Each structure stands twice: as structure tokens, then as C-alpha cells.
Amino acid sequence: DAGVIQSPRHEVTEMGQEVTLRCKPISGHDYLFWYRQTMMRGLELLIYFNNNVPIDDSGMPEDRFSAKMPNASFSTLKIQPSEPRDSAVYFCASSLGSTGTGPNEQFFGPGTRLTVL
Amino acid sequence: TQLLEQSPQFLSIQEGENLTVYCNSSSVFSSLQWYRQEPGEGPVLLVTVVTGGEVKKLKRLTFQFGDARKDSSLHITAAQPGDTGLYLCAGEVGSSASKIIFGSGTRLSIRP
Chain A
811 DAGVIQSPRH
821 EVTEMGQEVT
831 LRCKPISGHD
841 YLFWYRQTMM
851 RGLELLIYFN
861 NNVPIDDSGM
871 PEDRFSAKMP
881 NASFSTLKIQ
891 PSEPRDSAVY
901 FCASSLGSTG
911 TGPNEQFFGP
921 GTRLTVL
Chain B
9 TQLLEQSPQF
19 LSIQEGENLT
29 VYCNSSSVFS
39 SLQWYRQEPG
49 EGPVLLVTVV
59 TGGEVKKLKR
69 LTFQFGDARK
79 DSSLHITAAQ
89 PGDTGLYLCA
99 GEVGSSASKI
109 IFGSGTRLSI
119 RP
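Respectively, the protein sequence lines represent chains A and B. Quick note on our numbering: the first sequence kicks off at 811 and runs consecutively. Quick note on our numbering: the second sequence kicks off at 9 and runs consecutively.
Fair warning: there could be bad hints in the mix.
To be verified - Among the chain A residues that face chain B by a calculated CB cut under 10 angstroms, a handful are:
1) Ile865
2) Pro871
3) Asp873
4) Phe875
5) Phe884
6) Asn914
7) Gly919
8) Arg923
To be verified - Taking lysine-lysine pairs in the DSBU-like style, the calculated list, with each CA pair at most 30 angstroms apart, reads:
9) Lys107/B to Lys64/B
10) Lys65/B to Lys78/B
11) Lys834/A to Lys107/B
12) Lys878/A to Lys107/B
13) Lys67/B to Lys78/B
14) Lys888/A to Lys834/A
15) Lys888/A to Lys64/B
16) Lys65/B to Lys107/B
17) Lys67/B to Lys107/B
Stated by the list, open to error - Residues from chain A shown here face chain B by an in silico Cβ test under 7 angstroms; the list is partial:
18) Tyr841
19) Leu856
20) Ala877
21) Pro880
22) Ala882
23) Phe901
24) Glu915
25) Phe918
26) Gly921
Just so you know, these hints were derived from the structure itself, not from any lab. Since the model is a prediction, treat every value here as computed from it, not as a measurement. No residue lacks a Cβ here, since even glycine has one placed at the ideal position from N, Cα and C.
Build out the structure end to end from the sequences listed, making use of the hints.
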């Protein structure tokens, strides 16, 4: 299995531009998570989906952020317009549902390092 | 709001030494996980503990879940350079058993 695939690996953009991050989860996984990691705030959950449906988006910082999952094998996280404070590493992770003995293992992609100038 | 505080934030020790990393909260968690993250990569799960007082061993790593399920520790015996990385604890939150929140992390460096 190829694991969770994210693209691009690096993105440098200017303030005000639209940014789209992409994720392909592991086949068969029914949960997909988007996280943001910074030195100051650590690893924060932004939103997660179950069977392509958004379940909890309480971590999405503001309306400039949006996420979609049009099918089981693809998700996007969009920032429009981007700001310098959005600079971070964005991770996508996927997992199977819980088996009742704690949360299942989340498998993380390699991340997208976003720099907004 | 449930928070997980990890200590120390940074730790640099010599190869062969032992160390303990702590994960603390004022909240009770149904389960806790430990992940390790290497530079340029995503976190990788090491262990899940679900019962208060539970101890799990993974080679030289020993994980313990506090009796009250508010804290956890990770002890590494005879640390090796390959243990270098960012160690993150994560607690299960909500009722879905799929959402977790991550601790602040401990950045560990093992000097040869």
C-alpha cells in the first residue's frame, strides 16, 4: 500500500492567493483527518470526515478555510485568501473506525509545508 | 477544553542513558496514544493504552497509563540515536472514539 499521499509537498505563495492542498487516504479507510502543525501551537486537528461526510470542523480557524471530500479516495483543504499566519505543515491522516478498544491508528501522510509570504 | 501537557519540551542525552517523558492533563481520557515523528515525516503510532494503570512494553520503550487515566509516561532504556524524534501523546476525546487531541510534544535528541 502506498500510504497516505499528499500533494504538493511544498507550497510557497503570496498573501491573498488561493491555496489548495490535496490528500489521497489509504484505500478502505473510512476516516480522514486534516491537521496543522506549527512550533507555537503544535499539532491541531482542523476537521475530520467519516465516509466522506464532515463530522467535526470545530478546529477550522476561520471561514477562509474549507475542506471537501467528494469521494472516498480524495480530499482537499482550501485556504482563500491565504495569510502569512497560515504558514505551517498541513497533515492528512486516515484510519479505520474504532474497534471499541480505543481509537484506531491514524496513518499520516508526509505533510505539505506551506509558506505564505 | 481538554489539554495535554508534555514535559520536558526538549531533552538531549547521551546514547545509553535512560529517560522518561511525561504527558499530563487535568481531564480524564478514555485512552491515550503515543506517536513518534521524525523530521519531514508524519507521526507514527507507537502504542495505545486504554486501561488505568496499564503498562505496555515495546522493546526498550515502556508506556504507562495513570491509574486515574489523566496522565501517561514513556520510559526509554539505553537510548539510541535512532530514538531521536518528536514524541507526541494523544488523548481520545468525544464520543466517536475517532477524534484525538495531541499533546505539546517532547523533542528528544540522542547524542552518539
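Structure-based check of each hint:
1. Ile865: 7 angstroms, holds
2. Pro871: 16 angstroms, violated
3. Asp873: 22 angstroms, violated
4. Phe875: Not OK, violated: Phe875/A not within 10 angstroms of chain B, min 18 angstroms.
5. Phe884: This interface hint is violated because 18 angstroms lies over the 10 angstroms limit.
6. Asn914: 7 angstroms, holds
7. Gly919: 6 angstroms, holds
8. Arg923: 9 angstroms, holds
9. Lys107/B to Lys64/B: 22 angstroms, holds
10. Lys65/B to Lys78/B: This hinted pair holds, its Cα atoms lying about 20 angstroms apart.
11. Lys834/A to Lys107/B: 19 angstroms, holds
12. Lys878/A to Lys107/B: Satisfied, since the Cα-Cα distance of roughly 18 angstroms is no more than 30 angstroms.
13. Lys67/B to Lys78/B: Distance ~25 angstroms between Lys67/B and Lys78/B Cα, so the pair holds.
14. Lys888/A to Lys834/A: 15 angstroms, holds
15. Lys888/A to Lys64/B: 40 angstroms, violated
16. Lys65/B to Lys107/B: Roughly 25 angstroms between the alpha carbons, so the hint for Lys65/B and Lys107/B holds.
17. Lys67/B to Lys107/B: 28 angstroms, holds
18. Tyr841: 5 angstroms, holds
19. Leu856: Leu856/A check fails; min Cβ-Cβ to chain B is 12 angstroms, beyond 7 angstroms.
20. Ala877: Where the cut-off is 7 angstroms and the nearest Cβ of chain B is about 15 angstroms from Ala877/A, the hint is violated.
21. Pro880: Hint violated; Pro880/A Cβ to chain B Cβ min 21 angstroms, cut 7 angstroms.
22. Ala882: 16 angstroms, violated
23. Phe901: 5 angstroms, holds
24. Glu915: Constraint on Glu915/A satisfied, holds at 4 angstroms.
25. Phe918: 3 angstroms, holds
26. Gly921: 6 angstroms, holds
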